[in-house]
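Chemist: Quick note, the sequences are listed as chains A and B, same order. Sequential numbering of the first sequence, starting at 1, is according to our numbering. Sequential numbering of the second sequence, starting at 1001, is according to our numbering.
If you're looking for bench data, these hints aren't it; they were derived computationally from the structure. Positions of the beta carbon are idealized from the N, C-alpha and C atoms, including for glycine. Among the clues, some could well be false.
[Said to hold, decoys possible] For lysine-lysine, the following DSS-like pairs were computed, each having C-alpha atoms within a straight-line distance of at most 30 Å: (1) Lys1001(B) - Lys1068(B); (2) Lys79(A) - Lys1042(B); (3) Lys80(A) - Lys1109(B).
[Claimed, not checked] The calculated label-pair distances, taken between Cβ atoms and stated as ranges, are: (4) Val1020(B) - Asp71(A): 35 to 43 Å; (5) Asp1039(B) - Ser58(A): 35 to 43 Å; (6) Arg1072(B) - Ile53(A): 23 to 31 Å; (7) His5(A) - Tyr1031(B): 23 to 31 Å; (8) Pro69(A) - Ser1070(B): 40 to 48 Å; (9) Arg109(A) - Lys1001(B): 25 to 33 Å; (10) Gln13(A) - Gln1054(B): 23 to 31 Å; (11) Gln70(A) - Val1020(B): 41 to 49 Å; (12) Gln73(A) - Asn1022(B): 35 to 43 Å; (13) Leu11(A) - Tyr1031(B): 16 to 24 Å; (14) Pro69(A) - Lys1109(B): 39 to 47 Å; (15) Ser1052(B) - Gln70(A): 17 to 25 Å; (16) Ile1007(B) - Arg101(A): 22 to 30 Å.
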Amino acid sequence: SQTIHQWPATLVQPVGSPLSLECTVEGTSNPNLYWYRQAAGRGLQLLFYSVGIGQISSEVPQNLSASRPQDRQFILSSKKLLLSDSGFYLCAWILGTGEVRQFFGPGTRLTVL
Amino acid sequence: KQEVTQIPAALSVPEGENLVLNCSFTDSAIYNLQWFRQDPGKGLTSLLLIQSSQREQTSGRLNASLDKSSGRSTLYIAASQPGDSATYLCAVENSGTYKYIFGTGTRLKVLA
């Protein structure tokens, strides 16, 4: 069966510090991968998605970037965090070959102080 | 641009009630619609997926319907239980994009 991991689970970082959040998927190959942010009291905002290694599409201009160095690894990064980057970050995947159900990881709670 | 709205934003009901959560979307050219459950501080769990050619899906006490022409979906929860307390989100995928647009959710509390 497929599983999706995210780490760290929680993170407290000062403004201006760098960020690296990691997501890995097990039990499938060549999935579509997604990064979402969920701010307090708001819906899920799609930040990035990837259909393959090295292929990244950005949905919203911002202070963040994403990379996919391996088929089942998706990384969210920032060089300098802003207060507005605080939120709950969720990684998700879709198999993408006829199966369109989306599955989510457990999330990372980021607080920027 | 696709917009997804969920009403009500919050709902509190006594245990045992049947209830309906609503989801509306502005662009009817969707491929799929999913209903998710999110517990506080957790990721999302997929409950039901309705493909565009389908009108409804059922899983246990949950039934979701889809009316593409009117841009609406409803999630029906029968005989609600305190364990059903969570936020319920709907999401639509526009044709062929593999990208889901989410509503802001309905926060449900079932009182024992």
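Chemist: Look at each hint and say if it fits the structure.
Modeler: Cross-check of the supplied hints:
Taking the CA atoms of Lys1001(B) and Lys1068(B), the gap is about 16 Å. The hint holds against a cut of 30 Å. This hinted pair checks out: Lys79(A) and Lys1042(B) have alpha carbons roughly 26 Å apart, not beyond 30 Å. With a C-alpha separation of about 39 Å, the suggested pair Lys80(A) and Lys1109(B) falls outside the 30 Å cut-off, and the hint is violated. Distance hint for Val1020(B) and Asp71(A): a CB-CB separation of about 41 Å, consistent with the stated range 35 to 43 Å.
Separation of Asp1039(B) from Ser58(A) is about 29 Å and departs from the stated range, judged on CB atoms against 35 to 43 Å. Distance hint check: the CB atoms of Arg1072(B) and Ile53(A) are about 39 Å apart, inconsistent with the given range 23 to 31 Å. For His5(A) and Tyr1031(B), the Cβ-Cβ distance of about 28 Å falls inside the hinted range of 23 to 31 Å, so the restraint holds. Look at Pro69(A) against Ser1070(B): about 44 Å separates their beta carbons, and that is inside 40 to 48 Å.
At about 29 Å, the CB distance of Arg109(A) to Lys1001(B) agrees with the hint of 25 to 33 Å. Taking the beta carbon of each, Gln13(A) and Gln1054(B) are about 44 Å apart, not inside 23 to 31 Å as hinted. Between Gln70(A) and Val1020(B), the C-beta spacing of about 44 Å keeps the proposed range 41 to 49 Å intact. Separation of Gln73(A) from Asn1022(B) is about 38 Å and conforms to the stated range, judged on CB atoms against 35 to 43 Å.
Between Leu11(A) and Tyr1031(B) the beta carbon distance is about 35 Å. The supplied range of 16 to 24 Å is therefore violated. Taken as a hint, the range 39 to 47 Å holds for the pair Pro69(A) and Lys1109(B), whose Cβ atoms sit roughly 42 Å apart. Between Ser1052(B) and Gln70(A) the beta carbon distance is about 33 Å. The supplied range of 17 to 25 Å is therefore violated. About 25 Å separates the C-beta atoms of Ile1007(B) and Arg101(A), a value consistent with the hinted range of 22 to 30 Å.
Violated hints, in rising order: 3, 5, 6, 10, 13, 15; the structure is consistent with all others.
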